[in-house]
Amino acid sequence: GQQVQQSPPASLVLQEGENAELQCTYSTTLNSMQWFYQRPGGRLVSLLYSPSWAEQRGGRLTSSAASNESRSSLHISSSQITDSGTYLCAMERSNYNVLYFGSGTKLTVEP
Amino acid sequence: ETAVFQTPNYHVTQVGNEVSFNCKQTLGHDTMYWYKQDSKKLLKIMFSYNNKQLIVNETVPRRFSPQSSDKAHLNLRIKSVEPEDSAVYLCASSFRGWDAEQFFGPGTRLTVL
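Which chain is which? The protein sequence lines are R and A, in order. No gaps in the numbering here: position 38 of the first sequence is 18 in our numbering, and each next residue is one more. Positions in the second sequence are counted from 1; adding 404 to them yields our numbering.
Hints are computed from structural coordinates only; laboratory data are not their basis. A few of these clues could be false.
Short derived list, chain A residues pointing at chain R, Cβ under 8 Å [unchecked claim]: (1) Phe409; (2) Glu422; (3) Val423; (4) Thr430; (5) Leu431; (6) Tyr437; (7) Lys445; (8) Ile449; (9) Thr463; (10) Val464; (11) Pro465; (12) Phe468; (13) Asp489; (14) Leu494; (15) Arg500; (16) Phe508.
Straight-line distance between alpha carbons at most 25 Å, and here's what the computed DSS-like set of lysine-lysine pairs gives [claimed, not checked]: (17) A:Lys483 / A:Lys428; (18) A:Lys444 / R:Lys86; (19) A:Lys475 / A:Lys448; (20) A:Lys445 / A:Lys483; (21) A:Lys448 / A:Lys428; (22) R:Lys86 / A:Lys448; (23) A:Lys456 / A:Lys475; (24) A:Lys440 / A:Lys475; (25) R:Lys86 / A:Lys445; (26) A:Lys444 / A:Lys475; (27) A:Lys483 / A:Lys440; (28) A:Lys475 / R:Lys86.
Cβ atoms here follow ideal geometry from the backbone N, Cα and C, with glycine treated the same way.
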């Protein structure tokens, strides 16, 4: 079955300025996790990489993780229209650094 | 410029033809990957190479064959494409081991008619 579960599933709509929390849960022990952003037809852009399970980036995007709960969250504060796109989490669980991806959450930020 | 580069951007072909995709990274990484992203945007690992050696093959049909000339290049050849091969193929690279953040290329979109 799916090893990485992402929520909210499929899509999320926000009004500009609202906050959001995206979550990923994993079904096995992880080595590390990584969050990505992708615009339609665009490149997969790394937002956050965390072998140590906790990291903060920028002023509006932060991530928290609980390795003992196999869960990771991406917090988006004061959302902007330009944040619209698909957010994917990925886990690395083997010794080969291969990533296993969640199904993604499509975020739409409306004015 | 240091990044992951892929060619071509798009490729349209017919069932049964052979196609080849190229990937090059200038990040100094020692590990490269091919992922497949389907029409629902689901991403799945296909292959991983470390220093030209195949280290991961995730149950990929035999018509797919990766080729690596050195640690900076990883190409993908598909013999006799099938309609279900239509997808975006993403190349990525990283260091092997603890600090293994992956960086992705722009992808090659394959359409099989």
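The hints, checked one at a time:
Hint status for Phe409 of chain A relative to chain R: violated, with the closest Cβ pair at about 11 Å, above 8 Å. The beta carbon of Glu422 of chain A comes no nearer than 26 Å to any beta carbon in chain R, farther than 8 Å, and the hint placing it at the interface is violated. With its C-beta approaching chain R no nearer than about 20 Å, Val423 of chain A sits outside the 8 Å limit, and its interface hint is violated. Against a cut-off of 8 Å between C-beta atoms, the interface hint on Thr430 of chain A is violated, since the closest Cβ of chain R lies about 15 Å away.
Interface restraint check: Leu431 of chain A against chain R, minimum CB-CB distance 12 Å, threshold 8 Å, status violated. For Tyr437 of chain A, the interface hint holds, since its Cβ comes within 8 Å of a Cβ in chain R; the closest pair sits about 7 Å apart. Interface hint status for Lys445 of chain A: upheld, as the beta-carbon distance to the closest one in chain R is roughly 5 Å, under 8 Å. The restraint placing Ile449 of chain A at the interface with chain R holds, with a minimum CB-CB distance near 5 Å, inside the 8 Å limit.
This hint is violated: Thr463 of chain A has a C-beta 13 Å from the nearest C-beta of chain R, more than the 8 Å allowed. With a least beta-carbon distance of about 13 Å to chain R, the hint placing Val464 of chain A at the interface is violated under the 8 Å criterion. Among the interface hints, the one on Pro465 of chain A is violated; its C-beta lies about 18 Å from the nearest C-beta in chain R, farther than the 8 Å criterion. Residue-level restraint check for Phe468 of chain A is violated (minimum Cβ-Cβ distance to chain R is 16 Å; threshold 8 Å).
Interface hint status for Asp489 of chain A: violated, as the beta-carbon distance to the closest one in chain R is roughly 19 Å, over 8 Å. Restraint check, Leu494 of chain A versus chain R: the minimum CB separation of about 6 Å is within 8 Å; hint holds. A distance limit of 8 Å between C-beta atoms decides the matter here; for Arg500 of chain A the minimum to chain R is near 6 Å, and the interface restraint holds. The interface hint given for Phe508 of chain A holds, since its Cβ lies 4 Å from the closest Cβ of chain R, which is under the 8 Å cut-off.
Restraint check for Lys483 of chain A and Lys428 of chain A: satisfied, since their Cα atoms lie roughly 21 Å apart, inside the 25 Å limit. Distance restraint check for Lys444 of chain A and Lys86 of chain R: the Cα-Cα separation of roughly 11 Å lies within the 25 Å cut-off, and the hinted pair is therefore satisfied. Proposed proximity of Lys475 of chain A and Lys448 of chain A is supported: the alpha carbons are some 22 Å apart, at most 25 Å. Between the alpha carbons of Lys445 of chain A and Lys483 of chain A the distance comes to roughly 24 Å, so the proposed pair stays at or under 25 Å and holds.
Among the hinted pairs, Lys448 of chain A with Lys428 of chain A is consistent with the structure: their alpha-carbon atoms are about 20 Å apart, no more than 25 Å. With a CA separation close to 18 Å, the supplied pair Lys86 of chain R and Lys448 of chain A stays within the 25 Å bound. Of the pairs offered as hints, the one joining Lys456 of chain A and Lys475 of chain A holds, with about 5 Å between alpha carbons and a cut-off of 25 Å not exceeded. At most 25 Å may separate the alpha-carbon atoms for a hinted pair to count; Lys440 of chain A and Lys475 of chain A meet this at roughly 20 Å.
Taken as a hint, the Lys86 of chain R and Lys445 of chain A pair is honoured in the structure, with Cα atoms around 10 Å apart against an allowance of 25 Å. Under the criterion of a C-alpha separation no larger than 25 Å, the hint pairing Lys444 of chain A with Lys475 of chain A is inconsistent with the structure, at around 31 Å. A distance of roughly 16 Å separates the Cα atoms of Lys483 of chain A and Lys440 of chain A; the hinted pair therefore holds under the 25 Å criterion. In summary, the hint linking Lys475 of chain A to Lys86 of chain R is not supported, as the alpha carbons are separated by about 34 Å, beyond the 25 Å threshold.
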